[in-house]
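**Student:** Make one complex out of these two single chains by using the hints.
Each chain is listed here by its residues.
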Amino acid sequence: MEQDKNDTLYLGKQGFSNRLLTGTGKFASRELIPVMLDACGSEMITVALRRIDKMDQTENILKFIPDNVTLLPNTSGARTAKEAVRIARIAKQAGCGSFIKIEVITDIKYLLPDNSETLKATEILAKEDFTVLPYMMPDLTLAKKLEQAGAAAVMPLGAPIGSNRGLEMKPMIEILIQNMEIPVIVDAGIGKPSDAALAMEMGADAVLVNTAIATSWDPAMAAKAFSMAVKAGRMAYLAEMAQDTKYAKASSPLTGFLRED
Amino acid sequence: MSFLEQIKEADLFDFNRYCSCVTEQDIEATIQKENLTRFDFLNLLSPKALLFLETMAVKATSITRQYFGRTIGVYAPMYISDFCSNQCTYCGFNVKNSFKRKKLSIPEIEKEAQALSDTGIRQVLVLTGEAPEKTPLSYLVKAVEILKQYFASISLEIFPMDTEDYAALRQAGADSLTVFQEVYDRDIYQKVHLSGKKADYRYRLFTPDRGAAAGFRSITIGALFGLGDLVKEAFLSGIHAQFLEKKYPDVEILLSIPRMRKAKGGISPENILSDIRFVQFMLAWRLFMPKVGISISTRESPEFRDRLVSLGATKFSAGSRTDVGGYSSIGEENTAQFEISDNRSVEQVTAMIKQSGYQPVFKDWEII
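Taken in sequence, the protein lines are chains A and B.
Here this note's numbering is used: position 6 in the first sequence is 6, and no number is missing along the way.
To convert a position in the second sequence, counted from 1, into this note's numbering, add 1000.
There's no promise every hint is true.
List of simulated lysine-lysine pairs, PhoX-like, C-alpha gap at most 20 Å [what the hints assert, rightly or not]:
#, chain 1, residue 1, chain 2, residue 2
1, A, K109, B, K1246
2, B, K1148, A, K54
3, A, K63, B, K1354
4, A, K192, A, K144
5, A, K109, B, K1059
6, A, K109, B, K1291
7, A, K120, A, K92
FYI, nobody ran anything at the bench for these hints, they're computed from the structure.
This is chain B alone, in the form it adopts within the complex (with noise of 0.2 Å):
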């Protein structure tokens, strides 16, 4: 069965009246299971499995070290254009948001990547709006040509392209990829989208098969919760991480768990992610899917994320800025993507890892 098929099927799926019959029973049952099942993913899932929440919190952290370690990678965005031609409801990057925009030069990248590698972080996110007239494949290929002198990993979060556009990025020299389909709902994705290329559901949706095919070694995919219903976005998200795991084994999985936050013109979200829930989902994720890494952003508060270093996160951004030009202050008064909660520098970061008992891993790959 195809993704897209798994999708249509979901949408078919009472997910409320699931949840609703999920007894205690179920959900002790699913937490003394080696291999879950979807059902047991989704009994997790659910609103009653909180109350089994320090118990799956148990299993989880001792999955994760098991799998990674006491290790927490960590790496940094940097945003060199936010043109953007899409309208989505909920983005400050949004077409008809009106502020000035910018597009960094290539000596500018440079600046930026020296200032940025300064602060000791080695695995950069490369991040754009979707314009490709103003950020087309050449100006992307030699962004990372000189990117990759400043770091050891280039993670691309830029828009969706045909496989062949990828494969020539990896070429240059980026290993990874980073596309949220921000929500898996059908027709809430068309709402919240309402024009420009990611209008497109399903060019989006099979992104990461094309950056697997053009052999990318890490993907991190996710939902923008907040947009559509709690329960069936984690549990998409997850079934989408799983089906991307076993379709191609030799590609690390992440999951992202973005959660909305106010951004300029943004709509309010009707489906707020709660702190305990989002603990719930990154736990559940764990128990279904005990090698996926989760990758968790600045976006979040120092303290949550001081507890989610134990708690099954294996990823973090750290210093991040969001804003085009951030590091190297060549943006002066830019309009950033969203606002950011942890804006504590990389080595308030790191010394924060190492007091909770995690070791920061801020190289984890060679350019080769």
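Extracted from the complex, chain A is given alone in its bound form (with noise of 0.2 Å):
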């Protein structure tokens, strides 16, 4: 559906032409995430409300993001729907523009996400004209509930957030991916570019990276590997490539000896 000359990607009627997003935590310094960004060409980027201080003149995280680059302002430290719609609120009237990334979390230890309470606030936001965004434990059935809710795509996540683990959750996140009409981004768990490549190559339409990026030793050539990844697993997947198949094909044995009258 998203697929165009340039392959543009549509998140609500905003079109981008690079396929990783990024993140702001974690960094050593706020300076290098411009110096990141530029290296990578990420096109939006995360950041929490509750780490946007507007009374901070000169630390204040938004002065970190050249405006080319499309703020995605997440509700991260909401523990109920209700918390999040408030926080999503709160970061439109503070000038962060009408994306939103859900994030309903109700353990600290793993942060993985509250799929009812993501629901109740999509269901909330998307009518108040948000672009939602929801970060989700990848469930086909809840994806669909979100999909029809108004949500402009699903965040899937990959592995426990930070965890660096890859995509654990591969046969869930492909199952979504061949169902789904609004875009798949897989979240969280990306630690590697060949790990966001495979999720590229499944036919996922974009992936976030934060925590990989943020803590390697040089963040900004870490961000330019896993852009040159998501660029090569698009590719091979816009190319369709031969798949890995169980059953052979070629030689037809089976069925080689029907014809058609």
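**Tutor:** Next comes the structure, spelled out in structure tokens:
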């Protein structure tokens, strides 16, 4: 559905040509953020409202994000749909645009999403003209409900946030990719460029990477590596390269005797 | 098993004997593991684990970076009253210590808030002694309401309260709670808390539970090192943190590692925690609990704190005053609860954190 000549990814009404989404957390210094963005060409970056300090003139995190990069404020810290909705509204009033990444998390240890509260928040915010991107457990039933509620994409986790464990949820994410109309953005757990490439080869529409970039020794270089991997994976997907198949079909020993009359 | 039962079990356990039996192979095996048992944790706390301190540090640093990134949260304490009815042998606020006590009025709190927020601090830790008749709930609620106009996050380190009272403070805008058991060993606890409400071990022990029930988002616990046996206290602090983590998965649990210094009228600590074991305990906590926050106060010297930035600490106080009215100089000459070793300004501590390759985070909450 998102295919056109330029292979633009649409989230709501906005088009993106780079399919790597990035984040602002965990960097050794905020000055690294614009350098990282410049190196990888990411066009969308997520930022926690809880970290935005309007009162701070010098260190305000928004000052480190160039104007041509779209802000994706997130509701990190919300434990209920109600809190997520309040955070989203505060973000909009604070001038962070109308994109919102919903994160409703009631477990600090693994940071797994609360799917039912995430759905409630999506229903409310989609009606308020937010472009809603919910972080969710890869579950098709829920993903369909989110789509119906007006989500602009779904963001299934590859593995627990910050774990760098890669696509542990691969089979479930594949099911989403095959069945969703809205884009599927793999978020969380992607630890290496090869994980990102794999997600894109599978047909994910985009990936979001933060920890693996921010905590590396050279975040700009790491971001560039991820960007290249995302592009390579996307090209492989578009080229419909041969997939691994469980059932050989070249010589048709079983059906080769059949002829059309 | 309730946490109290676990403490009773620990009272029967011979920590010294266990530690003397731990082998180097045990410790090496523990360090290789991803999920540590309690015995693994104890292996890392044993004196023998000092032989593996560098390996523990490398692993702890990498885990901390993965979960917390290259960031250090920054906050400052604000003492609003030093009236106290407890008789804790180790504390400068001890009811038997005679000094001119002070409680800030609400306008004075606002003045303090202005002065402290001018330094760039956005997270404040509000402290009082234990004197509910001097600092009742109504006063604390008013204090929080004023403070939330100046700060993005308000933590409380006040006397233990019932759940309803905590809920009222949550409602007013406070989001985090700090309460130290001081010493988990029950006998020693009774010996050092001679009178006052704090003499009730059980009520204090279950304070974090009441705080979690009231909806606080983050709870800091810990022992005051110097009072009890070092390994036992470090072990039970960790087990307490793990117990809370499991029981309240939506609450962020932090450990603090205050160690005794000489306070006015205080006793000399029998179990001095050395720098090397301080670091060992921090690292053991990190390896046992990858997501636990570790908070370091200005009790520690600048040179030591600088090193802790990259050893698994996640939170630092900066520019601290531990006397009532200290930021706006309302209190003239007041008695501090404890002496500060790191007298550097917020700006200097910020610069140090940055120089160490970490990002100081001032605001990490939004009062919603």
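**Student:** Does each hint fit the structure? Answer for all of them.
**Tutor:** Hint-by-hint comparison with the structure:
1. A hinted pair counts as satisfied when its Cα atoms are at most 20 Å apart, and A:K109 with B:K1246 qualifies at roughly 9 Å.
2. A hinted pair counts as satisfied when its Cα atoms are at most 20 Å apart, and B:K1148 with A:K54 qualifies at roughly 15 Å.
3. The straight-line distance between the Cα atoms of A:K63 and B:K1354 is roughly 18 Å, inside the 20 Å bound, and the hint therefore holds.
4. Between the alpha carbons of A:K192 and A:K144 the distance comes to roughly 29 Å, so the proposed pair goes past 20 Å and is violated.
5. Using a Cα cut-off of 20 Å, the hinted pair A:K109 and B:K1059 holds, with the two alpha carbons roughly 18 Å apart.
6. Of the pairs offered as hints, the one joining A:K109 and B:K1291 holds, with about 6 Å between alpha carbons and a cut-off of 20 Å not exceeded.
7. Between A:K120 and A:K92 the CA atoms are separated by roughly 19 Å; this keeps the pair inside 20 Å, and the hint holds.
Checked against the numbered hints given earlier, the structure breaks only hint 4 and satisfies all the rest.
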